[in-house]
Amino acid sequence: MSRETLIDLLYLFSATTFILALKGLGSPKHARRGNMVAAGGMLVAVVATFFKYVDGHSLHHVWLILLAMFIGVIIAVPTARFVKMTAMPQLVAIFNGVGGGAASLVSITEFIHIKATHPATYVTLEVLLGVLIGTVSFAGSAVAFAKLQELMTGRPVTYPGQQIINGVVGLAAVTLIVTILVNSSTPLLWILLALSFVLGVIFVLPIGGADVPVLISLLNAFTGLAVAASGFTLGSNLLIVAGVLVGASGILLTRLMSKAMGRSLSNVLFSAFGSVVTASGAETREDGRSVRSGTPEDIGILLGFASRVVIIPGYGLAVAQGQHVLRELAELLEAKGLEVFYAIHPVAGRMPGHMNVLLAEANVPYEQLLEMDEANSELQTADVALVVGANDTVNPAATDDKNSPIYGMPIIHADLAENVVFLKRSMRPGFAGIENELLYNPKTTLVFGDAKDTLTKMVAAVKAN
Amino acid sequence: MHNVLLQYATVLILTAFVGTEIIAKVPSILHTPLMSGSNAIHGVILVGSMLILGGATTNLQEVLGFLAVILATLNVVGGFVVTDRMLEMFKPRAAKTKETKSDEVPQ
Numbered sequence: 076m077s078r079e080t081l082i083d084l085l086y087l088f089s090a091t092t093f094i095l096a097l098k099g100l101g102s103p104k105h106a107r108r109g110n111m112v113a114a115g116g117m118l119v120a121v122v123a124t125f126f127k128y129v130d131g132h133s134l135h136h137v138w139l140i141l142l143a144m145f146i147g148v149i150i151a152v153p154t155a156r157f158v159k160m161t162a163m164p165q166l167v168a169i170f171n172g173v174g175g176g177a178a179s180l181v182s183i184t185e186f187i188h189i190k191a192t193h194p195a196t197y198v199t200l201e202v203l204l205g206v207l208i209g210t211v212s213f214a215g216s217a218v219a220f221a222k223l224q225e226l227m228t229g230r231p232v233t234y235p236g237q238q239i240i241n242g243v244v245g246l247a248a249v250t251l252i253v254t255i256l257v258n259s260s261t262p263l264l265w266i267l268l269a270l271s272f273v274l275g276v277i278f279v280l281p282i283g284g285a286d287v288p289v290l291i292s293l294l295n296a297f298t299g300l301a302v303a304a305s306g307f308t309l310g311s312n313l314l315i316v317a318g319v320l321v322g323a324s325g326i327l328l329t330r331l332m333s334k335a336m337g338r339s340l341s342n343v344l345f346s347a348f349g350s351v352v353t354a355s356g357a358e359t360r361e362d363g364r365s366v367r368s369g370t371p372e373d374i375g376i377l378l379g380f381a382s383r384v385v386i387i388p389g390y391g392l393a394v395a396q397g398q399h400v401l402r403e404l405a406e407l408l409e410a411k412g413l414e415v416f417y418a419i420h421p422v423a424g425r426m427p428g429h430m431n432v433l434l435a436e437a438n439v440p441y442e443q444l445l446e447m448d449e450a451n452s453e454l455q456t457a458d459v460a461l462v463v464g465a466n467d468t469v470n471p472a473a474t475d476d477k478n479s480p481i482y483g484m485p486i487i488h489a490d491l492a493e494n495v496v497f498l499k500r501s502m503r504p505g506f507a508g509i510e511n512e513l514l515y516n517p518k519t520t521l522v523f524g525d526a527k528d529t530l531t532k533m534v535a536a537v538k539a540n
Numbered sequence: 028m029h030n031v032l033l034q035y036a037t038v039l040i041l042t043a044f045v046g047t048e049i050i051a052k053v054p055s056i057l058h059t060p061l062m063s064g065s066n067a068i069h070g071v072i073l074v075g076s077m078l079i080l081g082g083a084t085t086n087l088q089e090v091l092g093f094l095a096v097i098l099a100t101l102n103v104v105g106g107f108v109v110t111d112r113m114l115e116m117f118k119p120r121a122a123k124t125k126e127t128k129s130d131e132v133p134q
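Read top to bottom, the protein sequences are chains L and H.
The opening residue of the first sequence carries number 76 in the working numbering; numbering runs sequentially from there.
The opening residue of the second sequence carries number 28 in the working numbering; numbering runs sequentially from there.
None of these hints come from the bench; they were simulated from the model.
Just so it is clear, the structure is predicted and the values come from calculations on it, not from any experiment.
Misleading hints may appear alongside valid ones.
[Claimed, not checked] Straight-line Cα separation of at most 20 angstroms, EDC-like style, residue types lysine to aspartate or glutamate; simulated pairs:
id, chain 1, residue 1, chain 2, residue 2
1, L, K159, H, E115
2, L, K159, H, E48
3, L, K518, L, D490
Take these sequences, add in the hints, and give me the full structure.
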């Protein structure tokens, strides 16, 4: 067997481990092992690559490669180890961005490398697509990171003529690609690189807050596709398989997330949702109905008489760092013989499934985490729905009010439960900036204050009973 | 030459279908690890970056390749480590009770 065949076989092995890892994610039981298998597969691929021939000679600059890897490892390991779980979306955004950046750099270098050989048009096209998509992913992820890290406002950034400007830049990029296909000009490639960067930035600016899970999924898909494009250029099946797998997962998650918000993908990407706030945030409405507020002690007593409690956590819980106290409360209630579940909306948090990770970190067993549909059937027989730091995801306007901007979004029907308890910091509306009718429902009791404080007081109240 | 393109396109189409089938089965509680795990997988661009740096003949190519290897390593290592850390936290109920008990003994 020749050296090249052996290396290709090892690559095939790696590609298989990637598929196995994704398969492992089908259940929390096998997921961790799957991830380790993929990491092993990756290591095999990297080691095999050291023995590969490029243009008929063995790899140059082996020490330089090792040095670069060493730099990467010493930055990546501590960052990945010590970052807080609430900061996970930023971290995933940044790791995604650097992947896109690497794919773009590979494509650029490959362009310079193959230009002299007058490659076929389709080869140049693959390279240029790699540059475009990779760079958009890199720049877009950087802006998403800045938004999530609160280095800039998390709300949509809008300015007059935004759509038109974005359209013009996009069109310019396409024109540039066509021009480079014809004349293979390197200076124009640099302009394309700059333009792609600008495109990535202005594309992400108008997307904010609760729409970020969709954005992160989409950027993930972009990097996958950029890697697949590099795979075509370099003639590597491994890169094509890995890139397409990631592309497929990103696209699937993007669609799931937009569906979970009841909106089309184009609406999420282009409507600058949440930049207008219509809710008054008043405790008494114009029609005279007002909210009923209670103390943590009241709720402690209410829970004492309940037998089934469904907890509906939102991102506000994570902001208040209240996950651990919440789990303590749930365990206390369970010890008293109550049934307790957590109802997780798919877009709770800042990336797909984020809330599950935050609760898992607080040692909530995964059997207690219910998906939306399951949760809604449990809520029909629940005595108390405890809404902690969520708002839009339980807003009945999504089903009742055709004029509401969130109409059509699947929600967790907290209003099905006998009693609804809202832990809220203030009457301030949620991300969608609209009034929540449920707050004024006679079933509803509001407890104002910091979620963590309130939960701590509730724990004490339940213990006292 | 075009046969090669066809072969890559075949791999692409088949992987797209296989990938969609498998990923559709991932439950929503694991969507964050799915995202960060697939993130680590696209770090395979490290292989491409190594080939670029290993085949570099000009200073410009060396610089670009060097940067690419750093970025790709960040992607791959960071991605796998963070996914492992996340998946470690997902525990079933049985293991949990044991753990809480052993936590409480010293108190």
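Each hint, compared with the structure:
1. K159/L x E115/H: holds (14 angstroms)
2. K159/L x E48/H: It is violated: about 32 angstroms lies between the C-alpha atoms, which goes past 20 angstroms.
3. K518/L x D490/L: holds (8 angstroms)
In summary, the one numbered hint that this structure violates is 2.
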